[in-house]
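S.K.: Read off the chains here:
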Amino acid sequence: MGDIDNGSVKDRTFDTIVIGSGMSGGWAAKEFTENGFKTLVLERGRDVQHIKDYPTANMFPYEFEHRGEMPLEVRKANPVINRCYAFREDAAHFFVKDAEHPYIQEKPFDWIRGYQVGGKSLMWAKATQRWSNFDYEGPARDGFAVDWPIRYEDMAPWYSHVEKFVGIAGNKDGLAQLPDGEFLPAFPLNVVEDYFKKQLSQKYRHRHVISERVAHLTQPNPIHFEQGRGQCMSRDLCQRGCPLGGYFSSNSSTIPWAKKTGNLTLRPFSVVHSVIYDDKKNRATGVRVIDTNTKKDIEFYAKVIFVNAGALNSNLVLLNSVSTRFPHGLGNDNGLMGKFVAFHNYSARISAQYNGFKEFTTVGRNPAGGGYMPRFRNLFKQETDFLRGYAAGFSAYRSTNRDDSGTGAGLKQRLLYPERGPWKIGSHMMGETIPKETNMVSLDTDKKDAWGIPLLKISVEYDDNDEKMKQDYFEQFTEMLTEAGFVNIERHNSDQNPGIDIHEMGGIRMGRDPRTSLLNKWNQLYACNNVYVTDGACMTSTSTQNPSLTYMALTARAVDHAIQQCKKGEL
Amino acid sequence: MKRRDVIQRLVIVAGGFVLVPSCLQQPGKASIALKLVEVTDIQEHLLAAVASAIIPATDTPGAGDLGCHLFVLKMLDDCYEKEAQQKFMRGLNDLESYAKQKFSYSFAKCTGQQQQDILKDIEEKKINNADITGFFDIMKEKTLEGYLTSKYVLTNINKYEFIPSEKYNGYAPVKQ
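Residue numbers (my numbering), protein chains in the order written: chain A, 1 to 571; chain B, 572 to 747.
Some clues are possibly wrong.
Within a straight-line C-alpha distance of at most 25 Å, the following computed PhoX-like cross-link-like pairs (lysine-lysine) qualify [unchecked claim]:
no.	chain 1	residue 1	chain 2	residue 2
1	A	K172	B	K738
2	B	K697	A	K97
3	B	K658	A	K97
4	A	K424	B	K697
5	A	K97	A	K424
6	A	K38	A	K568
7	A	K358	A	K10
8	B	K697	A	K76
9	A	K303	A	K281
10	A	K281	A	K52
11	A	K38	A	K424
12	A	K197	A	K52
13	A	K38	A	K197
14	B	K653	B	K680
15	B	K671	B	K730
16	A	K358	B	K658
17	A	K521	A	K259
18	B	K653	A	K424
19	A	K521	A	K457
20	B	K606	A	K358
21	B	K600	A	K76
22	B	K738	A	K76
23	A	K436	A	K381
24	B	K606	A	K197
25	A	K107	A	K568
26	A	K381	A	K358
If you're looking for bench data, these hints aren't it; they were derived computationally from the structure. On a predicted model such as this, the values are computed, not experimentally measured, just so you know.
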């Protein structure tokens, strides 16, 4: 499949080229091919086909040599990826090993990547929340970055469009800061999560615990069965790939859907070197690719090019796309490409215990993980000495009192039939960070990768605002939990590096003014309008919500625009 | 027969532990292939005895019967620093010396009660020997992990279900 000979120009010409097959690239492929566009999807890694290429999906715990733990040699050789929670024996094959794809950390940054068809959509945590105008209006209201060129009203129909196809489990919670969507039945909260929810609603305004909204098919519709996907059965082994298609990934959904149209050419093992710009035609004409098997250069051509390589790699591709017209990267007239990178601050957790509700426990598994608390800080107005705020996870579970003391028959009995412990809870902070010019990526002038492409230099760090916000999270949660009667409240400050949140964004931001942004409101490069960027690179600010749903909606919206422009002969 | 098939047929499945045997079962060598840790058949036998003392056979098999000591060795070999590996082996030998000194027998030949007494001495830090402590910490932790995730336990006692038989319920009454 996808084995295109280095044949005639005609053979290498498509209506559109999509760089990347992950969350957003898969959506570009789906939308274009459904509309009759001959589409080439380029993926730098190997192919991963739904079900067939999930080697661990049906392995019992005892079938993993080290019970999930990665061998010491692998951990030592891969310090960055080893810090990722999902880099374990059951899913390690979906993550990039440090040494195989080096990059330069000017400041510590854990760049977590998945180079394969489907990208990180295979291993994502599946949380899917809409942004609201508190987010789209955030930079303008609070005076950072630049104003988003779009508002919630521009996005709402595209959120709906995406949600219906993806399948999102959630409740209509009626919150202005977290607009409702097209939902399948939510995973329920448990007794302690519900208790905390009620406590907050009695004691605070605008503080809510809701069921986490996740891309799981709790009750599939015909559109999901048509994709070949079935109901989520709460296996809760998603990171291995789901043989049921119970959660959304490019592999289970958009890519096979695009294939069925007959308009998709999927080409794995294709590293994009650069986008080709024609100085005479004043437009991009195609993409230069290096085949990782043959090491040969190949050029592909198209009317429209979508850049969906993953936030930082999209920066890399465009910065490396130099021409007489664009000596500093395609579309980079203002010199801002690679700058204003931001991420989510996940470096704080809190745990606690609740001594009531001893008559209840949970049975089964909840792949949504529990509750979600949308942002409440600085929401309606500025109220602290830091900008923006944080969302938080909130999950409760009935613990077991495992007693490992002693040896012999007594220990055996205690291990197999442990006593029930109290309810415990865990929360983690998801903080918005402020994009800054100094948080940036650039190309190294000397060092190159195996394909002769400059290495990416990453220079991203936390700032005082992040530190203040973290302290506020600790203080507010300590207060809320104390008020609600929780005990043993413990703060955990991981001080983890930026990047390990796997929500890096920006560098090719959208904006209203070509002097201060790279992309217009349709995600077109201002200076080269047949190139669109619709992955995390386009983000003007980060909000607190998990970003994938917004990437998908932006992509579908941009593809629709590109199709209309093509019909009008504008592209 | 292809080489791969030969290897597959040689794989030892003990209590669900999938381990590659050492080549040709050389006399004096351990029964599984290890990269770094050197273990004799006698030491392996001793480890099985310690595993069985930690989690003995009752009306169900114990950790030694389920091959948990082989899992411990696999983990020791692949997941621990060299210093910890060396300490483990020294501690194992010291434990054997301690058993011989205290009860005049190899640990494996001690009675069940004597074995429990020795492990109790270690747990209660009555033996002032950092190597024995280092050995026992890893031995116990990994024996417990191997036991609780063994095929036997996950099939017969705490049945592992890919698809939970009960739908998620956050208000499930505690059954007494």
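S.K.: Enumerate the violated hints, using their earlier numbering and listing them in ascending order.
M.R.: 2, 3, 4, 5, 7, 8, 10, 11, 12, 13, 14, 15, 16, 17, 18, 19, 20, 21, 22, 24, 25, 26
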